[in-house]
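With the sequences and hints as input, model every part of the structure.
Below, each chain spelled out in residue letters.
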Amino acid sequence: MPKYLFSIEQPDGPPPGNIGQIMHDVGEVEDAMREAGIWLFSGGLTPADSATVVRGTLITDGPYVEGKEHLGGITVVDVPDLDEALRWATRLGTVIGLPIEVRAFQ
Amino acid sequence: MRLDAIYRAEYGRAVSVITRDFGDLDLAEDVVQDAFTAAARRWPVHGLPPSPAGWIITAARNRAIDRLRREKTGRALLPQLIPLAATPEFPADDRLRLIFTCCHPALGMPARVALTLRLIGGLTTPEIARAFLVPEATMAQRLVRAKAKIREARLPYRVPDADELPGRLDAVLAAVYLIFNEGHSATTGDALTRDDLATEAIRLGRLLVRLLPHAPEATGLLALMLLAEARRPARTGPDGEIVLLADQDRTRWDPALIAEGQELVRACLRAGRPGPYQIQAAINAVHCTGTTDWPQVVALYDQLLIVAPGPVASLNRAVAVAEVSGPSAALELVDALPLHDYQLFHAVRADLLRRLGRDDEAVTAYDEAIARTGNGPTASFLRRRRETVRR
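Top to bottom, those sequences are chains A and B. Here the first sequence stands for residues 1 to 106, where the numbers follow this note's numbering. Here the second sequence stands for residues 1001 to 1391, where the numbers follow this note's numbering.
No lab work stands behind these hints, which were simulated from the structure alone. Owing to the predicted nature of the structure, the values given are computational and were not obtained by experimental measurement. Beta carbons: idealized from backbone N, C-alpha and C, even for Gly. Mixed in with the good hints there might be a few duds.
One side only, chain B facing chain A, incomplete, derived with CB under 8 Å [claimed, not checked]:
hint, residue
1, 1038
2, 1152
3, 1153
4, 1154
5, 1155
6, 1156
Written out as structure tokens, the structure is:
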């Protein structure tokens, strides 16, 4: 089955006040993904200003792209088609309250 | 030779059947194209086969099997495909599947429109490019990109489940309505209408109603298009200039289309599940009676604004309010709308200001409207109107 990457686009800065509730709800969605047998991986990232960029042997302070939003976390699922991927992304996006970019792996 | 007509009528069905059997849209398009090329050589000599559509689908299938045999990946698939390929029947819902793929919300609207006209409508890429006045290479690129997304993101090839159907059907209806609107009031060019696009949209609308008989919004869209199309012959004068509804020669309206549209509106009313397209169809049905019952039109717009609120619907309602309560009441409504980039907003304002005798403001509003139209006849209509105010 095709695998899809969910990229959660997150505004920089401190997390919202209800982050505890959000993480709890995200955990529930991930449990549902595991139960459905489609969950492969997920994880949240440390803030983008802690990123480091390497170009060849050159090492610089990150992030790579300047902006007010950065990749905040990812989920990888294994589902039959885009509609199924979009259904799960919608469910996840609803509890997180942030846009999610859905892309298929090659 | 009827091959052109057969191509237009059967291309979409053949592509959808082959896509179902082989799961590959590009392959399906290639082999159906090949089958039509073979038909163009064979039929003039040997005569038309008893079922041209069946002949095309069988020929395309054989070519697809040949091609997959030659490819390594295909060879692994073949054992599963051969029993399918042998089934002679092709259910009607294959085209429905293809429509839902072409109009998937994950595709941008220009891509949906191009794919639908190409794959379901059977229009060629140059024809679609001409219809939307874009270079052929641009349209070809748009189609290539859209098909690449279908393949790479794995857009499903099926009719959505019942719980998703209403939302997904909206995406299909919106694409068909956009095709119709571009045909009915071309955004650019020297003619007010582009009849080929309007005709194609109505053909798609009829197909949708046949495939989804229990979707009242699909029926509503078809009725809306038929009733608007019925008035087309009277919408322009001998030199292609615009004739407003009130001045139209009603004997030039198409009575058959009006009767069909009004019957569909009645069927919608009986179904009792109103939606935006059905209400707009009802408004058009009122316009197609002898003299427009404006209070009835205002009441229908009130209903429309409940199910589908939006500034464009509010603008259209204001036009009807002007006929019932006068231009001053309408202008108050129009001025509150956030539509300053919209040509019709300025055109409606200009007309209301003209009727109120506020000539200077009317001229300014006409200028704003003219600056925002790319359509020749619309611009000359607005210029003529502006001159009447200046005098």
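Restraint: residue 1152(B) near chain A, CB-CB cut 8 Å. Satisfied or not? holds (6 Å)
Should the interface hint for residue 1156(B) be scored as holding, given a Cβ-Cβ cut-off of 8 Å against chain A? Since chain A brings a Cβ to about 4 Å from residue 1156(B), closer than 8 Å, the hint holds.
Using 8 Å as the Cβ threshold, decide whether residue 1155(B) counts as touching chain A. The hint holds - residue 1155(B) has a Cβ within 8 Å of chain A, the shortest such distance being about 5 Å.
For the hint on residue 1153(B), does the least C-beta distance to chain A fall short of 8 Å? Check passed: Cβ of residue 1153(B) comes within 5 Å of chain A, closer than 8 Å.
Under 8 Å, Cβ to Cβ, is where residue 1038(B) needs to be relative to chain A, so tell me if that hint holds or is violated. Check failed: Cβ of residue 1038(B) comes no nearer than 33 Å to chain A, outside 8 Å.
Agreement of hint residue 1154(B) with chain A interface, Cβ distance less than 8 Å: Check passed: Cβ of residue 1154(B) comes within 5 Å of chain A, closer than 8 Å.
In the structure shown, a violation is registered for the earlier hint numbered 1 alone.
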